[in-house]
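Colleague: Listed here are the chains, written in short residue letters.
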Amino acid sequence: MATSYLPLLVLLIVATGFGGIALGLPMLLGPSRANKQKLEPYESGIIPFADARRRFPVKYYLVAMLFILFDIEVIFLYPWAAVMRQLRDNYSMLFAIVPVGFFLLILILGLIYEWRKGALDWE
Amino acid sequence: MSANLNVSVILPELILVGFAMLVMILDMVGTDERPTGRTLLPWLALVGVAVAGLVCIQQYSQPAASFQGGAVSDHFALGLRLIILVATGLGILLSASYIPRINKQVGEYYALLLLCAAGMTMMGAATDLMVVFVALEILSLALYILCGLNRESPRSSEASMKYFLLGAFSSAFFVYGAALIYGAAGSTQYDEIAKALAGGNSNLALLYPGIALLLVGFGFKVSLVPFHMWTPDVYQGAPTPVTAFMSVGTKAAAFAAFIRVLVIALPAQQPSWGWALAIMAILTMTLGNLAALRQSSLKRMLAYSSIAHAGYVLVGIVAGTSEGADAALFYLFTYAFMNIGAFAVVIMLEKANEGDALQNRAAGIGQRWPWLALAMAIFMFSLSGVPPLAGFFGKLFVFKAAVDGGWAWLAVIGMLNSAIGAYYYLRVTVSMYFEKPGAETLSQRSTWSALSIGLAVAAIFTVLIGILPGMWTALFTGGLTGLGG
Amino acid sequence: MVPLSWYLVLAAFVFSCGLYGALVRRNAIAVLMGIELMLNGVNINLVAFWRYGDIIDKATQQVVRLDGQIFALFVIAVAAAEAAVGLALIISIYRNRKTVSLDQMDLLKG
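Protein chains in written order, with this note's numbering: chain A, 682 to 804; chain B, -12 to 472; chain C, 15 to 124.
Mixed in with the good hints, there may be bad ones.
[Stated by the list, open to error] If you only want the chain A side, here are some residues facing chain B, beta carbon under 8 Å, derived:
| # | residue |
| --- | --- |
| 1 | L693 |
| 2 | Y794 |
| 3 | R797 |
[What the hints assert, rightly or not] Simulated coverage check for chain C against chain A, where a stretch passes if three residues somewhere in it have a Cβ under 8 Å from a Cβ of chain A:
| # | segment |
| --- | --- |
| 4 | 19 to 33 |
| 5 | 95 to 102 |
Simulated from the structure, these hints should not be mistaken for lab results.
Note that beta-carbon positions come from the ideal geometry of N, C-alpha and C, so glycine has one too.
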């Protein structure tokens, strides 16, 4: 049983070894010239203009909540996708499509509802 | 592989969900400035409840099972549906003029109420731990929001926060228990669980913790001591129509699911869970009644009284007989009318935007508002179990089931507790009729038609069930047919 | 193969961590996170029980039962719905009270 974990161990050694060498060799061989640019978070990006840990509008939470809901509902499509072909072959195409259609219909109704109620308006 | 998909088994639930969506669609037609058709929403919801009720009554002649043994519509499930639909219908009548005062989003309210009712009725029909879990969450999630409906009131949002945190906490226990039972029996379906456990090839080290955790989860939902801490706070803080609806609906639904799990899936373990339930029943009845004695707020008093009533229902279940299951369901049926009626009186007594009424609001209303006082007296007498009102027969059948099942001493403790309970119910009645109206006494009463209708219906049925109990018990007998897969 | 009991111990550990968080923390959001952790512990249990259960049909060598997995999917969906409702309630109570600390929710007692 333990032998089946051997590849994992090898991978572990190779990964740490590669990382160690990649970090260690330049330190030993390369010249070290410190300057200000090297300490910036993004060497070639937008210069940070404020602390990242600041308050942000509660609207983000609202959008995040709605996103979570619709995002998670998709997981019910996975089991359906897994058996859809079986359902079609054993019963009929209608039987495979209609129930999931109802499910999506309810989701769409929910989306329209929140849209009409202004939950998606930023202002 | 045969597809056993008899959709008619869950037709009442589908109707409720369908009407919830209709309510949402009708709600979307208008805008907040021009609320076209929003006054129709309570009546649309009421029609949905009525249609679902008619379907239920029609289904009494043909019990059936469906969804590979995931749901049944036997008489037990139909009986529970009737209870829930009664509670929902009365709840809508109580809400019609109350809700628009505290929240403009009336459409959401009725849609959530109907969805919650669908979850509750599903609890009785479910014969699979997975289905019970989903139904439990449907009803709980809707109720969390309904409790916090009054967003301006810090009490309402505090109530919903407490209910949410403890509710979510308890469902985690419930689902852990369900998972352990699944592991022990290899299935989530009740009849397969019973079969596996009878065969003796189950892992008891998983099974017993599983049952215990399931007990904790259900104990929270029906507010059994020691899992009752949230009940008074939530009942007091939530909008009163919501309290009325949830005090009956949640209890009935969770008890129904509980009974089915215990009697159908775990009958062999009765000697162990019977004792646990008996101890909890004693604690629940006694603590509920003793705490209710000390309350000055009517809503808090009714909350503690509802804890005590959960204890009485539990007395019927302890023996694990099918007679006890019927008795418990009948008890909840009577409880639906008398408890929602009592909360309807509380709504009448409430000052605008206060969300609660102290007991001295009722002092002396016997002279000022004789009909209101009469209705309240009926509910109080019925709750304390005075014959010939509905509550008496509820208690009678529950205690009789306990005696027949060999738990006579438990029934005696139950009766002693009814005597304690009578004290605080009668105190309200006495103060209504024999005290002089004080400064706090209700002085003007708005004529809320829907609320008055709800109140009258509850009072009439409380009396009617008491006078003709035989007519109604027929709906709640031979419920658990054991229709498997 | 790793024995089933290892998974059960892991699940119980995760569940207990969540339980500890839910009981000890005073911040509503932290309590909610604890509850989510409890549900995830249950998911480990469900999938492990499914994997070690009787799921293969001997004749056709096909997986015939999916109940543990489906149960886990429902638990995931419910956890998400709970999180959404919970965050909405927390926002609503924050607007009212300017705090989400459970110690300060003491209007209702007695």
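Colleague: If you test the structure against every hint from before, which numbers come out violated?
Modeller: The structure breaks hints 1, 4; every other hint is satisfied.
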